[in-house]
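K.L.:
Residue numbers (UniProt numbering): 1 to 169.
It is possible that part of the hints are untrue.
[Unchecked claim] Keeping only pairs whose Cα atoms sit at most 20 Å apart, straight-line, the calculated SDA-like set for lysine to any residue is: (1) Lys-97 x Ile-59; (2) Lys-97 x Ala-79; (3) Lys-97 x Ile-43; (4) Lys-69 x Gln-88; (5) Lys-25 x Asp-14; (6) Lys-25 x Phe-2; (7) Lys-25 x Arg-48; (8) Lys-97 x Gln-57; (9) Lys-58 x Asp-76; (10) Lys-97 x Lys-69; (11) Lys-96 x Ala-133; (12) Lys-96 x Glu-136; (13) Lys-97 x Glu-129; (14) Lys-96 x Arg-139; (15) Lys-96 x Gln-142; (16) Lys-86 x Met-70; (17) Lys-58 x Thr-42; (18) Lys-96 x Asp-68; (19) Lys-69 x Ala-79; (20) Lys-96 x Gln-108; (21) Lys-58 x Ala-79; (22) Lys-86 x Lys-69; (23) Lys-96 x Leu-84; (24) Lys-96 x Thr-132; (25) Lys-96 x Ala-79; (26) Lys-97 x Ala-109; (27) Lys-25 x Ile-43; (28) Lys-96 x Gln-57; (29) Lys-97 x Asp-68; (30) Lys-96 x Tyr-138; (31) Lys-25 x Ile-13; (32) Lys-58 x Val-74.
[To be verified] Distance ranges between label pairs, derived from CB positions: (33) Val-74 x Ile-28: 51 to 61 Å; (34) Met-70 x Asn-45: 20 to 30 Å; (35) Asp-75 x Ser-21: 32 to 42 Å.
If you are wondering where the hints come from, they were derived from the structure by calculation, not from laboratory data.
It should be emphasised that the depicted structure is a prediction, and the values quoted were computed from it without experimental measurement.
The beta-carbon is built from N, C-alpha and C at its ideal position, and this holds for glycine as well.
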Amino acid sequence: MFIPVEPAFLLAIDRQPELISEALKNNIMLVSPTTLLVALRTIANLWRYEHQSRNAQKIAERAGRLYDKMRLFVDDMSAIGQGLDKAQDNYRQAMKKLASGRGNLLVQAESFRELGVEVKREINPELVEQATAQDEEYRLAQGGNPPEDNDILSDPTATAMFGGGSRPR
1 MFIPVEPAFL LAIDRQPELI SEALKNNIML VSPTTLLVAL RTIANLWRYE HQSRNAQKIA
61 ERAGRLYDKM RLFVDDMSAI GQGLDKAQDN YRQAMKKLAS GRGNLLVQAE SFRELGVEVK
121 REINPELVEQ ATAQDEEYRL AQGGNPPEDN DILSDPTATA MFGGGSRPR
């Protein structure tokens, strides 16, 4: 409440000191010309702090939601990485079966071509060369047995692959 006459305001406070506390209990602020600007600036600062406080709460809420989304994204990326690792392991295992060790699939398939089976297109020569080298290394490591025409049919991998265990006669 604005009291425009400063001497009257001072006299009222002098005669009744509890006047200011009573006014504040009723949410009334007594101001005079000398205290008006200070009171207005105080109120403006309080409003600004309140506004900043609300913004800080909104920022904190948004930061929490952002963090949760980021955590989900990181979890997804980790799962993708694990999936890629598993796919890479499966690829290595498949390539190992295809081109490694004695009787590997590439050597077996190439031996069919060498036996006269007609093919429309040859398998990648680099892979066949690597597979043949792997097959030879394995054979030498196992005692140096020379390759036989019937190795394909005696190999358990080939037997499982072509279904059956008996040799044609």
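K.L.:
With reference to the structure, classify each hint as holding or not holding.
P.N.:
Now for the hints, and whether the structure bears them out:
1. Lys-97 x Ile-59: Cα-Cα ~56 Å, so violated.
2. Lys-97 x Ala-79: Cα-Cα ~27 Å, so violated.
3. Lys-97 x Ile-43: Answer violated: Lys-97 to Ile-43 is near 80 Å, above 20 Å.
4. Lys-69 x Gln-88: violated (28 Å)
5. Lys-25 x Asp-14: holds (19 Å)
6. Lys-25 x Phe-2: Roughly 17 Å between the alpha carbons, so the hint for Lys-25 and Phe-2 holds.
7. Lys-25 x Arg-48: Outside the cut-off at roughly 23 Å; violated.
8. Lys-97 x Gln-57: violated (60 Å)
9. Lys-58 x Asp-76: Distance of about 27 Å is beyond 20 Å: violated.
10. Lys-97 x Lys-69: Given that 20 Å is the threshold and the Cα spacing comes to 42 Å, the pair is violated.
11. Lys-96 x Ala-133: holds (13 Å)
12. Lys-96 x Glu-136: Roughly 15 Å between the alpha carbons, so the hint for Lys-96 and Glu-136 holds.
13. Lys-97 x Glu-129: holds (15 Å)
14. Lys-96 x Arg-139: Between Lys-96 and Arg-139 the Cα gap is close to 16 Å, so the pair holds against 20 Å.
15. Lys-96 x Gln-142: holds (18 Å)
16. Lys-86 x Met-70: violated (24 Å)
17. Lys-58 x Thr-42: Roughly 24 Å between the alpha carbons, so the hint for Lys-58 and Thr-42 is violated.
18. Lys-96 x Asp-68: Not satisfied, since the Cα-Cα distance of roughly 42 Å exceeds 20 Å.
19. Lys-69 x Ala-79: Answer holds: Lys-69 to Ala-79 is near 15 Å, not above 20 Å.
20. Lys-96 x Gln-108: Holds, at about 14 Å.
21. Lys-58 x Ala-79: violated (32 Å)
22. Lys-86 x Lys-69: Violated, because 26 Å separates the two Cα atoms, which is more than 20 Å.
23. Lys-96 x Leu-84: Judged against 20 Å, a Cα distance of about 18 Å means the pair holds.
24. Lys-96 x Thr-132: The hint holds at about 13 Å.
25. Lys-96 x Ala-79: Not OK: Lys-96 and Ala-79 at ~25 Å, beyond 20 Å, violated.
26. Lys-97 x Ala-109: Holds, because 13 Å separates the two Cα atoms, which is no more than 20 Å.
27. Lys-25 x Ile-43: holds (17 Å)
28. Lys-96 x Gln-57: violated (58 Å)
29. Lys-97 x Asp-68: violated (44 Å)
30. Lys-96 x Tyr-138: holds (13 Å)
31. Lys-25 x Ile-13: Roughly 16 Å between the alpha carbons, so the hint for Lys-25 and Ile-13 holds.
32. Lys-58 x Val-74: Roughly 24 Å separates the two Cα atoms, so the pair is violated.
33. Val-74 x Ile-28: 51 to 61 Å: Since the Cβ atoms of Val-74 and Ile-28 sit about 55 Å apart, the hinted range of 51 to 61 Å holds.
34. Met-70 x Asn-45: 20 to 30 Å: Once the Cβ atoms are compared, 36 Å apart, the range 20 to 30 Å for Asn-45 and Met-70 is violated.
35. Asp-75 x Ser-21: 32 to 42 Å: violated (59 Å)
Hint check: violations occur at hints 1, 2, 3, 4, 7, 8, 9, 10, 16, 17, 18, 21, 22, 25, 28, 29, 32, 34 and 35; the rest are consistent with the structure.
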